[in-house]
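Asker: Spelled out, the chains give:
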Amino acid sequence: MSTQTLQPPAAPVTPRGRVLPSPVTGQELILVGVIAVLWVALALTTPAFLTAGSLQPLLVATAPIALVGVGMTIVIITGGIDVSVGAAMMVSSVITAKALVEQEVALPVAVLLAVAAGGLLGLLNGLLIAYGRVHAIIITFGTANLFLFLGLQIFGSRTVNGIPATLAFFGRGQEGRTLGLPHAFLITVAITAAAWWYLRHTAGGRHFFAIGGDPHAARLAGVRVQRRVLLAYVVTGLLVGLAACFLIAQGTSTLDQSVGSGKELAVIAAVVIGGTSIMGGRGSVLGTLLGALLVQTVTSGVTQLGWKSQLSDLFVGVFIIVAVGADLLRARARARRTS
Amino acid sequence: MTIAPPAPQPVAEPARESAAGRVLRVLLTQRIALLAVLIVAVVVTFFVQDAGGYLTAPYDFDYMSASLINAVPLAMLGLAELLVIMSGRGGIDLSVGAIVSLAGMVFGFGYGEWGWPLWLAIVVTAVFGALCGAVNGFLVSYIGFPALIATLATFYAYKSIAIVANDQQPISTPPIQDLYSLSGSVELPLIGQYIPDVPLGIFTFLLPTVVVVWVLLTRTAYGRRLYAIGTNDVAARWAGIEVRDTRFKAYVYAGLISGLVAVVTVGQFASARPDAGVSGSGMALPAITIAVLGGVAITGGVGRVAGVVLATLLVVWLNAGILLAFVGNEGAQYQLLALGTVLVFAALLNGLTNRRYGGSR
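So the sequence lines, in the order shown, correspond to chains P and D. First residue of the first sequence? That's 6 in the numbering used here, and the numbers climb one at a time after it. First residue of the second sequence? That's 9 in the numbering used here, and the numbers climb one at a time after it.
It is worth saying that the hints were derived from the structure and are not from the lab. In this text, all values refer to a predicted model and were calculated from it rather than measured experimentally. The beta-carbon is built from N, C-alpha and C at its ideal position, and this holds for glycine as well. A hint or two may mislead.
[What the hints assert, rightly or not] So, partial list: chain P residues that the calculated Cβ filter (under 8 angstroms) puts toward chain D:
{"hint": "1", "residue": "Ile142"}
{"hint": "2", "residue": "Phe146"}
{"hint": "3", "residue": "Leu153"}
[Stated by the list, open to error] Just so you have them, the derived chain D footprint on chain P, three or more residues with Cβ under 8 angstroms:
{"hint": "4", "region": "116-129"}
{"hint": "5", "region": "174-187"}
One chain only, chain P, in its complex shape:
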C-alpha cells in the first residue's frame, strides 16, 4: 500500500452576498412612510402640529416607551416577553422620587439609583426565566404583581409630592433641550443606535437571534443560552430605570400611583409595530423606535384634531393588526419564493 499524501482540502469558498439581513427592513421603510404621511396630514389639518411647541412634547413622550422598547426588543428576539416593565417603572420611579424629595440627591445619584433599582428587578425576572426554566409571560405576569405590591408599599400614601426639579435635564422644559431637541429623545436615539450596532455586528448580539431561532441549536453551537437570556432581562431592567427618570422629569412635581400603569402594553405595541417577530429570532430596535414614534404621533394627533383621546387606543389596535398582518403576508410571500 503506497502512502497517499493527503490533499489539503481546498480553501473554503468565502461566501459572497449578504450574511446579515439588509440594514433597513421593509417594515421600517413603510413605517417611515406612514409617519411622514401622518405628519403631513396632521400639518395640513392642524397648523399647530409642525411647530416646535408640538413636536418637542411628542419626542419627549416617545422617549420612555422607545427606550424600554430597546430592551423589550432584545427580550422578544430571544423568544421571551416581559409584561412587568410597567410595574417595574413604577417601583423605579417611586424609589427615585422619594430619594429626590427626602435625601435631595443630585442628578447622577438619582439616575444611578433608578437604573440600579430597575436592573435588580430585571435580574429577578431573568433569574426566574433563565434558570427556573418557566415561560416568560407567566413569570412576568407574576412578578408584575409583586412589583406593584412593592411600589405601592414604598409609595405609602397616594402620591409623592414636592419633587424638586433635579431631573429637569430629561424634562419638557428649556433645560431639557439642546438645539431644540429634547435630551430624553437624543439619549434614546443614541442607545437605540448602540443597540442596533451591537445586535447586528457583534457575536454577542447575533447570539440573541440564534436563541430566538432555536434555543437548543444555539446551545449546541456554543451559546451560553441562560446567561444571554438573563442579560436580556437585566438590560431591559436597566433601561426601565432610565425611563423612570424620564417619567419623573416629564411629570409635575407630583408622582401618583398610576405611573407606569399600562406602559408594558404600549411598549409591546411599539415593538411589534416595528416589525419584531413575537415568535423570536427576528427584529430590529430601529423599527421599535419608529413604532413608538408612530404610536405617539397617533396619540398626539387624535388630541390635536379634537377627537376623544381614548380613540387613540383604537388606532393603536388597528396599527398593530395592519403592521403584523403586513409582516405575515411578506413572510408568506418569502416562504413561497424559496420553496
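Starting from the known structure of chain P, fit chain D onto it as the hints suggest.
Answerer: Relative to the frame of chain P, chain D by itself:
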C-alpha cells in the same frame, strides 16, 4: 421558553417508593390534589387567626360563602382562558377584560336604555361577546396572527370603543340598578337552614358555565379535538381534524363567556361601566393567573375544569382572608403580593414537575 439541557432519562423506576415520596409525587403531578391541600391550608390558617382575634371581622363559613360572589367572574374568565390556552400555538386571550367592558355597554344600552326584555338583552350580550371572540379567532386561526398580538390589538380596540361608546359615562338607569338584587345571596331550598346563604350568581351563571365547559371538554368530540390540536396541531391535521375551525371556536367560546361575565359585572356594580373589565390591572391577568394556577399548560393541550374551579376558590378565599387581616388599603396591596407569589410559585412548580415526573395532569 425552556432552555434546558436534555435531562438524562432514568433507566428504570425505583422499585419501591417511600410514603413521603409518593405523597410528594401525587402533590406535584396531581394539580387537583395540590390545590385541595392549599385550600385547606388557607382556610385553616384564617380560622386559627380568627380564633386568635387577629382579624378585623369574623372569617367563618358565612363570610366565605358571601365572598364567593367574587368567584363568579373570575372562574368564568378562567374557563375562557382555559379554552384558548388549551387550543395551543401560544394561545392566550388578553382581550377578555375589554370584551367584558364592551359587551357590558351593549347590555347597558339594550336593557337599560332601550328597554329590551332581560332575556333578550342577555342573549344579545352573549352573542356580541362571541362576535368579539370571533374577531380574535379569525385573526389567530385563519390569518395566523400570534395570539398574544391579535388579542393585544383587540384589547386596545375594544377598550377604546367601550369608553367612547357612551362618552366615558356609565349607564345606570333604574332597570340596571334593579339588577343589583340578582347579585344578592339566597337560602337554598331543603338544606338551606343548615348551610350559609349562597350568592345567586353561582347558580345562575357560574355553575351552568362550569357544567357546559366540562361537558364540552370531556364528553364531546369537540373537546377531544381541542385537546388534540393543543397537544400537536400538525399531528391533529394529519388525523383529519379541522385545526383552524377548532381553534377558531375556542376563541368564540371565550368571547361568549366574556359576554356572560359582562352581564354578571353589570349586575354587581349596578351600572354598566365602560372600564369595568380593564380598570386597574384588568380582568385578563387574574383570569390567566387562575388558569395557570389551575394547571393549564401555557403550551396547550393540558388543562382541566376542576383545576380552574379549585384555583378560583383558593384565590378568592385567600383574598377574602387577606382583606380581613389588614386594615384599610393595605389588604388590597397584599392581595397583589399573594397573587404574584402564588403565580410564580405555580409556574416554577409546573417546570419542576415537568422535569421530574414528565408532566402533570
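Asker: Now look at each hint and say whether the structure bears it out.
Answerer: Status of each hint after checking the structure:
Because the beta carbon of P/Ile142 sits about 7 angstroms from the nearest beta carbon in chain D, less than 8 angstroms, this interface hint is met. Because the closest C-beta pair between P/Phe146 and chain D is about 6 angstroms apart, less than 8 angstroms, the hint holds. Evaluation of the P/Leu153 hint against chain D yields a held restraint, the C-beta minimum of about 5 angstroms falling below 8 angstroms. Only residues whose C-beta sits within less than 8 angstroms of a C-beta in chain D count toward coverage, and the region 116-129 of chain P has 0 of them, not enough to reach three; the restraint is violated.
Check on the region 174-187 of chain P: 0 of its residues sit with their Cβ under 8 angstroms from a Cβ of chain D, so the three-residue criterion for coverage is violated.
Consistency with the previously given hints fails for numbers 4, 5, ordered from lowest to highest.
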